[in-house]
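S.K.: As a plain string of letters, each chain reads:
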Amino acid sequence: MKRTLFNLFALIMVLSLMLTACGGGAAVETETPVVDAPATDAPVAVTDAPPAAAEEITVTIGFTASQTGAQEVSSKRQVNGFNLWMNQVNEAGGLTLSDGTVVKFASQSYDDESTKERVQELYTRLITEDNADFLISPYSSGLTAAAAVIAEQNGKLMITTGAADDDTYKQGYTGVFQLYTPGSLYLTSTVDMLKTLDPAAKIAIVHESDKFSTSVVNGLQPYAESQGFEIVLVEPYASDTPDFGPIINKIVDSGATVVLGGGHYPDGSTFARQLFDRNIGIQFIGILVAPPDSKFSELGDAALGVTGPSQWEGKATHTEAEANALGIEWFGPSGEEFSAAFEAAYGDKPTYHAAGGYTAGLLLERAIRNADSVDSEAVKAALDAMNLFTFYGGIKFDTSAEAHGLQIGHSMVVIQWQKNDAGELVREVVWPADVATKDPIFPISAP
Amino acid sequence: MQQINLLLASLPDGILLGFVYGVAAMGLTLIWGVMNVINLSHGPIIALGMFGTYLIFNKLGVNPYLGLFLVAPIGLLLGILIYTVAVHRVINAPHLSSLLATFSVNMIIIGLGTAVFTTSPYNVDFNMGSVSLGSTTLLGTRLIAALAAIIATGSLYLFLYRTRPGKYIRAVANNRAAAELMGVPSSRILALSFGLGTMLAAISGALIATFFPFSILSGGSYELKSFVIGVLGGLGNPVGALVGGLALGVLEAVVPAFMETSWVPVIEFGLFILVLLVRPNGLFGAKQ
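Taken in order, these protein sequences are the chains called A and B. Terminal number for the first sequence in our numbering: 447, no gaps in between. Terminal number for the second sequence in our numbering: 288, no gaps in between.
Treat the hints with care, since some could be wrong.
Covered stretches of chain B (in silico footprint by chain A; criterion: 3 or more residues with CB under 8 Å from a CB of chain A, positions within the stretch not fixed) [stated by the list, open to error]:
1) 64-73
2) 134-145
3) 148-159
4) 261-275
Note that these hints are calculated values from the structure, not bench results. From the three backbone atoms N, C-alpha and C, an ideal C-beta is built for every residue, glycine too.
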């Protein structure tokens, strides 16, 4: 009886946890709405001063943040970036439309616990109960895909950031606009760099089996092969994989000299750590998402030499001169101004996740200015017509029926963890060569 | 041939990891075996063990293995505290009561842990080098963890079979009423058993932290493995739990040699259900 009860319970536990795993990460339950409003010095004036008797309206921007669960690290940075933009705009007096209306912004957000189920529930709440005027995506492609369905069904316009998967923008949606370079292009610049370092490299692709990482690999594999590289291993792994030992043995067995792949922060950092621990003589490691995060340096020597694609880097920020040379409209603060304001507000250097959050707000601001209205249809038309350059880089959307909202104006850089003269780990831009701050370490040194 | 090479390369890893799984499972099955309580706070306590190593190594600069001598007694005391506060009053109530009590403790620990540590991954930047044997690379941290797991198992075995409190625990597990009639202080023995189970969970977490990054939510997957091992191995039988852990570790190492790694949970839990159907008493004939 005793044994049967234990077995029955164990069976229920296993089945329920497997179902949970299929749906996303585990997390702590909380429904407290979050309004994150850090004080900033607002060094960047982005708006005109409002006239004295102007009507003031408040536009509510809704989003969920992964305050707990697998996406916490990157999501928090993204939200910090967005809040910085909102505070700066509001502290500068808001936006003034041509009819004198002053537009100010408020945010409404909840903890989505890094799960799709919570995202769908909470975005429905944001739209129907909180009456959000515009939406920003959660962090990660999987969560954004879940949110985009709700936004589209309810006719709400959503700016996505931290969501690179291509598929979401190929569903026929008309109100979802992507800020990030699409996933299928995430590692192509890394392949370009590799071609200059070792055109005969043998590549092992080891990736998280989620929406985003699969999308990256779908773009990476044919591109690498078209560049003459031999792909010797393609190995997906579950998001919560703690032990990469068997996979690393497969890498050794495949004869690979280069490892590309990863997924998100938790698995990417775990994979990098175990590659280092096993010292298998890999010459080049390119991992998604985790390396561009400043937390990655906590791995110590395991971080050294690891590269990753980055949507934006403070050391290679885009400039107004670059925009002028391209003949594209420039908007917003410089990269230095953004970085200084972010550090003043949060005491940490901004990563590309933070820059993405900030630029999502900046993009909405520019669209409202161009539309001279907060009407959703007018703002959508302004986004469709947008061809903009900011410190984050180019922003332009595909307007075709097949891939409406897909980002087509933004390019990425490749970073690598190196040591400075003081022996500290620092993130250097190593590709493209014209914006690189250091030459890449290749092959990466053995520990 | 390629699969055989992979198998040979991965098998030692699986065995070493299996020892640590075994220690985690021992904690769960000991508590169940002695007092019929399914301890749902097992996972978070494993995570606390991980953070114990993190704090001891990163903040105090103490070797993680020396840190075990701090983590273990804290785990024991924490278990006694949990038993006293949350379990003792419902020990004779229907199973659902103790289940809910330990689930509440689980939520409290995760909530507090999230508030203190957030759910961000943490890393113990500790390396003991590696030993290469042909195609196999054995990590120093895993070798020592396996050794520590064997020592913990042996110590528990000696404690249960060679000491008076250990014999009391076995007596209470067999027949609590009879043990009380013989003068065994059952309440204290139950508290000690819960403490020992919690201590083993904390030790396994402390060892795992030396080779995997972790967060406050990481204990959940090891709790799940402990349930599987509980079915494979023996209830209240430390050696059975250790063998069950080894079986699971080997399975996780062997499957990727023949198919994609993402198939591991499918095979693992498919086998688990098969064992439930065919040998509900476990593969290793666990004691009642």
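S.K.: Against each hint, give a clear statement of whether it holds in the structure.
M.R.: Here is how each hint holds up against the structure:
Coverage of the segment 64-73 of chain B by chain A is violated. Counting CB-CB distances below 8 Å, 0 residues qualify, and the rule asks for three or more. Taking a C-beta to C-beta cut-off of 8 Å, the segment 134-145 of chain B contributes 4 residues in contact with chain A, enough for the three needed, and the coverage statement holds. For the segment 148-159 of chain B, the proposed coverage by chain A is not satisfied: 0 residues have a C-beta within less than 8 Å of a C-beta in that chain, short of the threshold of three. Under the rule that three or more residues need a Cβ within less than 8 Å of chain A, the assignment of the segment 261-275 of chain B holds, with 7 such residues.
Consistency with the previously given hints fails for numbers 1, 3, ordered from lowest to highest.
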